[in-house]
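*Asks:* Residue numbers (this note's numbering), protein chains in the order written: chain X, 1 to 322; chain P, 1001 to 1255; chain Y, 2001 to 2307.
Keep in mind the hints are simulated off the structure, nothing from the lab.
Please note: incorrect hints may appear among the correct ones.
[To be verified] Calculated cross-link-like contacts (lysine to aspartate or glutamate; reagent style EDC-like; alpha-carbon spacing at most 16 Å):
#1 K2170(Y) with E118(X)
#2 K125(X) with E280(X)
#3 K265(X) with D44(X)
#4 K2166(Y) with D164(X)
#5 K1029(P) with D2134(Y)
#6 K2170(Y) with D110(X)
#7 K1056(P) with E169(X)
#8 K265(X) with D2251(Y)
#9 K265(X) with E2243(Y)
#10 K2159(Y) with D164(X)
#11 K1056(P) with E162(X)
#12 K263(X) with E2243(Y)
#13 K209(X) with E2073(Y)
#14 K2166(Y) with D135(X)
#15 K2170(Y) with D1157(P)
#16 K2170(Y) with D285(X)
#17 K60(X) with D186(X)
#18 K1056(P) with D135(X)
#19 K35(X) with D285(X)
#20 K2159(Y) with E117(X)
#21 K2166(Y) with E169(X)
#22 K263(X) with D2251(Y)
If you're wondering where the values come from, they're calculated on a predicted model, not measured in any experiment.
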Amino acid sequence: MSKPEKSFWEKAQAIDRRVLYAVLIVCTAISLFFKTEIPVNPDDSSKDLYVSLMTIDPNKTVLIESDWTNSTRGESAGHFEALMRILMNRNIKFVLYSIADPQAPQVARDALLRIQEERKAQGLKVYEPWVDYLDLGYFPNAEGHLQAVGNNIRTAWGGRKERDEAGVERDVFTSPVLSGVRVVGDASLLIVCSASATIDIAVERLYGKVPLGFMVTGVMGPNALPYYQARQIVGMGVGLKGVYDVEYMMTYGVNYRVEGTNKPKVSYREESVTIPPVTEGTTFDRGARYFLPLHVALALMILAIILGNVAMFASRKKRVVA
Amino acid sequence: MNETFFWWKLTIGVIATIGLYSVLYRETKLYRFFEHLFLGLAAGFTLVALWKETLKPLWWDKMTGSATIDPITNVSTMDAPGYWVYGFLLPIGLMGYLVFTKRHNWMSRIPIGVILGFWSGQQVQIWWNRWGAQIYSSMQPVWPTTTDSFTRPYSADLPAPEQAYIAAQLYPSQAISNLIFVITILAALSYFFFSFDMKGRLLKGSNTLGRWLLMIGFGAIFGSTVMARFVLEIDRMSYIFVEWMDQTGKMFGGG
Amino acid sequence: MIELIAQAAPEFNPFWGTEPSPEAIWKIFAAIAVGIVFMFLLMRVPTRSRRSIVMTFTFLSGAFYVVYYLWPEPINRGPNDAPSGFVDAGGFFLQDALPKVADIANVLTYLLLCLGIYSLTRIHLGRVVKKQKDWSFSVVLLIAMVAMIAVGYWDYILKEFNDPDKLLTKAENWGGVNYAYDMLFDGLIQQMDAAMFSMIAFFILSAAYRAFRIRSIEATVMMASAILLMVSLMGAVDYQWSEIIKGWTNDQPGNFLNNFNLSEVAGWVKNNLQIPSIRALEFGVGLGALAMGLRIWLGLERGGVSV
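Start from the sequences and build out the full structure, keeping to the hints where you can.
*Replies:* Structure below.
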């Protein structure tokens, strides 16, 4: 007995998964080759983060908790690279450490090296370890470690050695980066660049002791939103949209009116804040490269959901009629 | 970096990526080869990081202390004292490995118990640290302070005192939004009441509303997760079609 | 244990804290030896006492943090301040002990993390020795692991001990081992890690197409929320829509229609519906963690750490 032939809508409900995979690969790969600048309205949380980064005291050290590995390179690398460019442009000293994964410090070092090479090629200042930044590596017990940092940063990181300019191993608190830091609140900001629940640990242990800012993946974004609403963090960039928002603000500034125009490209709720565009080095990079493919992929996803539903209703209706 | 090495590194990464992607077609030997290669390398790296990232800086250096020797006078100045008693931690940590012995596997619970004890002791305060501000910010005002206008008037072009006055008012549209916020959080919380039976129209209605509103939260989580996953795929496409092809072009096209 | 190692810096107890010197190494070995003796003594503990021993370790560990939170904290303490009484001394002690406790947790956590690697090695070695199904893949895993360990430590030794001028921080000074390490770490682990996670994108697309169907009010609400969020992430759509609104409002910023900008609508839904519902969801989880914490600390959680 031959099977009854499937209708168009029944077929539309049962497209082979491999066809969907191929469409996704082809669409995203092709769209990577189109370089277009997409205008956006940056999220409020991205604006708050960017304004904080651009207005903090350049003489104070920023702490960076780098809790991502290559598994989330698409989003986290964009966040981290933008953060490096902003801090280096403003000549702000920073400390790097990780609590999420033993691979995380190496990944951060590689990303830092990429930005260093880029700046070197652009003739800009190259950051020196010990003098401009410190790389403290990995602390495996995230909860206990951040608790200790909140309690007394000098004893939590005391005894940790790094090589100075002369190659001699010395206690990190003798370096220019940390010499002015007595308590964690002496740092201007702690930025958690994370792909995991270490954002919760940071809020639980350090909220109220040092201003916190998040650069998180899309997966962690919804979890972090309640912290932003409760003002437990100064701002946050979420996923690739967050990366692009920051790159866009680096390019066009905030509340910054170009001569001859009456409205800024990016307006901020506090009228007194005006941040001009970043003029040195790279601004649009990974966020800009991936933003168009993201549009294509999301459109594909929405179409797939609509197709599945329309086909379901159409074939059901046909069955009822029959 | 040596351009030839860089090309080989990218090429091998591309081959490994394609090998793993082969599972999208169906499970192949190629996929299993790269899956095991990945597991082996990642496990090996964890052991490299054992000393390099952890035991050396967090255990050994702190146990031996640190001193700076002046290169001219050769005088040693202590930066941090060494705590030799940290040596005791090694056998305690190694007790975890007794889990594989039949007679002494109970001892593996000692280091685990210490870590869980630390975690549980911290819960008392961190709970308030995390939730205190969130509970406070959930108490939104729901009664408007003015009815001059339904929505907040546009104020950017007004003088500063008027701006400040408008910013200090709660307009009806905001009050309604705040009320929706409060109803949403109460309804969603009511969904998690398991202490008593949900009887009566009010409780049942609140429970059902809570379930619908939770779905809005799940929808947001889904949408945001979709963005994250797609970007990872886009990043791999960029790795193969942009980074690798660029480098290949440089290597073989001279460009 | 905690009492023994709580030391104030820079003042330190000359017995428990030592000046960096070769003699300190002997003290370290003595501590390791005492630990091993302690371990052997524990092996002789009768079965009925085991549960109490584990519970005591757990309770004392938790009690440290509980006491730390409850004890009055020294305010604005300077590095050379001395405690003024019993309460102050307690506060000083707890503050000084906390980083040491964090060190203990760091070291023990990592030693336990490696338990997983030990277990993985045992399973795959067993497969190879017994020539079980697909044992050749286990050989691949073991070779990869050994290669990574060998190259990783060799590279570390070269950079740590043979490179006082930090030349190896720059790739142009690398030798064969440094290249091999970079190939294994950056060329393989990193890329395969990224590839593994990126595959979820394909599965999520296929699953959404097949299963994300409007079959109930809940599913409809969830889908509407998800699609609104996805569209709002598409900056170009958001921007074009705001341009259309601008046309309707003649670019008047105070016009009511501006509230219907996609980013405004998505922002409103995010602030007033998504945030409270996520908060309620996580609040339940938070209460659960608090209850679980108390149960573990007090030894009420059977099947947890108790024997």
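*Asks:* Determine for every hint whether it applies to the structure shown.
*Replies:* How the hints compare with the structure:
1. Using a Cα cut-off of 16 Å, the hinted pair K2170(Y) and E118(X) holds, with the two alpha carbons roughly 14 Å apart.
2. The suggested pairing of K125(X) with E280(X) holds, with an alpha-carbon distance near 11 Å, which does not exceed 16 Å.
3. Between K265(X) and D44(X) the alpha-carbon distance is near 14 Å, which keeps this suggested pair within the 16 Å criterion.
4. Our distance criterion of 16 Å between C-alpha atoms is met by K2166(Y) and D164(X), whose separation comes to about 10 Å.
5. Only pairs whose Cα atoms come within 16 Å are accepted, and K1029(P) paired with D2134(Y) is accepted, the gap being roughly 10 Å.
6. Of the pairs offered as hints, the one joining K2170(Y) and D110(X) holds, with about 11 Å between alpha carbons and a cut-off of 16 Å not exceeded.
7. Between K1056(P) and E169(X) the alpha-carbon distance is near 13 Å, which keeps this suggested pair within the 16 Å criterion.
8. A C-alpha spacing of about 14 Å is found between K265(X) and D2251(Y), which places the hinted pair at or below 16 Å, so the restraint holds.
9. Distance check on the hinted pair: K265(X) and E2243(Y) sit about 13 Å apart at the alpha-carbon level, within 16 Å; holds.
10. A C-alpha spacing of about 15 Å is found between K2159(Y) and D164(X), which places the hinted pair at or below 16 Å, so the restraint holds.
11. Distance hint between K1056(P) and E162(X) is fulfilled; the C-alpha atoms sit about 12 Å from each other, no more than 16 Å.
12. Between K263(X) and E2243(Y) the CA atoms are separated by roughly 14 Å; this keeps the pair inside 16 Å, and the hint holds.
13. For the hint linking K209(X) to E2073(Y), the alpha-carbon distance of about 14 Å falls within 16 Å, and the restraint holds.
14. Simply put, K2166(Y) and D135(X) have alpha-carbon atoms about 14 Å apart, close enough for the 16 Å limit, and the pair holds.
15. As the CA atoms of K2170(Y) and D1157(P) are separated by approximately 55 Å, the hinted pair breaks the 16 Å bound.
16. Among the hinted pairs, K2170(Y) with D285(X) is inconsistent with the structure: their alpha-carbon atoms are about 24 Å apart, more than 16 Å.
17. For the hint pairing K60(X) with D186(X), the CA-to-CA distance comes to about 7 Å; that is within 16 Å, so the pair holds.
18. Among the hinted pairs, K1056(P) with D135(X) is consistent with the structure: their alpha-carbon atoms are about 15 Å apart, no more than 16 Å.
19. For the proposed pair K35(X) and D285(X), the alpha carbon gap of about 11 Å is at most 16 Å, so the pair holds.
20. About 20 Å separates the Cα atoms of K2159(Y) and E117(X), which puts this hinted pair outside 16 Å; it is violated.
21. With a C-alpha separation of about 12 Å, the suggested pairing of K2166(Y) with E169(X) holds against the 16 Å cut-off.
22. Taking the CA atoms of K263(X) and D2251(Y), the gap is about 11 Å. The hint holds against a cut of 16 Å.
Checked against the numbered hints given earlier, the structure breaks hints 15, 16, 20 and satisfies all the rest.
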